[in-house]
Amino acid sequence: MQAELLIQLLLSGLGMGFIFALIAIGLTLIYGVMNVVNFAHGEFLMLSMYASYWAYALLGADPLVSLPFVAGAMFLFGVGVYYALIRRTMKSSMHAQIFVTFGLMVFLQAAAQFFWGADYHAIQDSRLSGVLLVGGIALPVPQIASGVGALLATAGLYLLVFRTAVGRSLRAAAQDREAAQTVGIDVDRMNALAWGIGAACVGTAGSLLSTFYYVFPRVGSVFVLVAYVTVAMGGFGSIGGALVSGLLIGVLQVFSGFFLSSSLKFVPVFLLYLAIVLVRSRGLLGSQ
Amino acid sequence: MSALAPDGRVAPTRRGPWLRRTAWGLFSAALLLLPLAVGSRPFELRLLTLMLLFGAMGQGWNILGGYAGQTAIGHGLFFGLGAYASLLVMREFGVSPWVAAPAAALVCMLAGTLIGWPCFKLRGHYFVIATLVIAESASLLFTSWDWAGGAMGLELPIRPESLLNLQFHRSKLPYYYVALALVAGATALTALLERSKVGFVLRAIRDDEEAVRSLGFSPLRYKLIAMAASTAIVGLCGAFHLQYVLFIDPPSVLGLGLSVMIALIPILGGVGTLAGPIVGAVILVSMSEYARIIFSGGGRGVDLMIYGGLIMGIALYRPAGIMSLLRTERVVALRMRLGLGR
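In the order they appear, the protein sequences are chains V and C. Residue numbering for the first sequence follows this note's numbering, beginning at 1 and increasing consecutively. Residue numbering for the second sequence follows this note's numbering, beginning at 1 and increasing consecutively.
In short, the hints are calculated from the structure, not lab data. Just so we're clear, the structure is a prediction, and the values are computed from it rather than from any experiment. Careful, some of the hints might be misleading.
[Claimed, not checked] What follows is a list of derived Cβ distance ranges for each label pair:
1) V:L271 with C:E210: 25 to 35 Å
2) V:L159 with C:D207: 38 to 48 Å
3) C:I294 with V:V222: 28 to 38 Å
Even glycine gets a Cβ: it sits at the ideal position worked out from N, Cα and C.
Go ahead and model the full structure; you've got the sequences and the hints to work with.
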């Protein structure tokens, strides 16, 4: 029985971990290409959760059906944010970049409350619901399926970044902007692409999350701090690092929530992060 | 030697000292007399008091974030810690706020040193995220720490109003002057620091830490000095806030939004400048308070939409802060023509 409980906790931790990782990968991809931390990342998540919710509530579309459309819409939104706001602060200090995205965060949160109210919404009967029993181990279907979905999305992203020509240009722009420019890579377009892909990642995560998590204007702040921790712990700009630390964090928070207290479940996560960063200031897999 | 302004241009060390001094003098006189014009209108008085309080906090942040260039987005922790420590010291030892507030500032300096010691080796965004996470962890801990009130928060027992008790109930005017003393003290400390050796080393650390190290200075030591000064000021502000509102709970004094606002004030005004935090506080506090009373009807967040939009606007059009307006070519040319120096 004890072993089954541990396996159950481990699996749901990994499921959450893949979602944390996918959110963090979006953030770290943008950072890697542009050296900008998107403080509105949690609000991107919130917007995509609302998009899935409204697709379900108004059109009756299951989140799994609307997922590609939500991800596509978020891609366009990310590109739009880059051209409207981020591109103009490229030459400014880190301060201006932090605050333009912080202003966007406040704005989007308030806009969500203005248009959709402060109520909590939930998707009731998604195709992903119920509990799966496998040999005495009870697995909550939405969490596990979302974890698998996030895993697939991460694999797809990995192929895109590391196995295609576009991905190679993206990585070149991340490594050395000027050198990339000299060999004819349109760095400006790569920046926009990074924002688009980053937003699509978090959009996919939001779509999956909406199958089992409440949707409300401040939902982003629940997840975004974990996303920063995941990115810093894995190393800013490192996709592999975000994946590894996302999984670590997912498992750790499930165990500490179960054995310690559910309101303090992120404290051991933060302590682990601080310990890692203080020993290795570049994070697990970060480059200089 | 001339320091680099945040926008990268060389900032003159002496620009029309008499003009500058006169401006500061007039401004101080105006602050002393302003309540006469406002009278006892509660909204305006509260607005002005908040401007002073946030101005003082901005000065505190500016020492670390502006002069030393360490972008800490977690100073809400020291605001909350100042308020909590002050209240708990009063509750446990039955002392006056005039003893409890300095004790709270000491607690904040100690906490700041303990946090800064390991974190100051982190660079750039790693430092930003570390300070943010530590502040958020503290908020979680205070929320579940029953001895410190937990999620319910703590009330300051009401005492007869007097300067000794630092509580004023009929008119809130005395709070204005206490806040004025806070911002004046923080500004004077920063002005002293700006001219001292410590101030030079701090600015040098911001511009090139390796060079400072190679000259035989310990960057860590000077960053810790900046941290101590910065957290003491913010902690005192927290203790003042407690006396002013008489109630504290984790969301109101330890939130992430507060941490960001403390940093945003000097950044909007102009980081690493003496007047920047004051300019920033006047703009930011009036923006958020007026947006609140004009647009908050129905509680649908229109005020926050406007607030967020304005922050984005300033970041886009004045990325180096409002004080950088004084550095624009046209203004510099005008000052040269008037014989005021650059």
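Hint-by-hint comparison with the structure:
no.: 1; hint: V:L271 with C:E210: 25 to 35 Å; result: holds (31 Å)
no.: 2; hint: V:L159 with C:D207: 38 to 48 Å; result: holds (43 Å)
no.: 3; hint: C:I294 with V:V222: 28 to 38 Å; result: holds (30 Å)
When the structure is compared with the earlier hints, no violation turns up for any of them.
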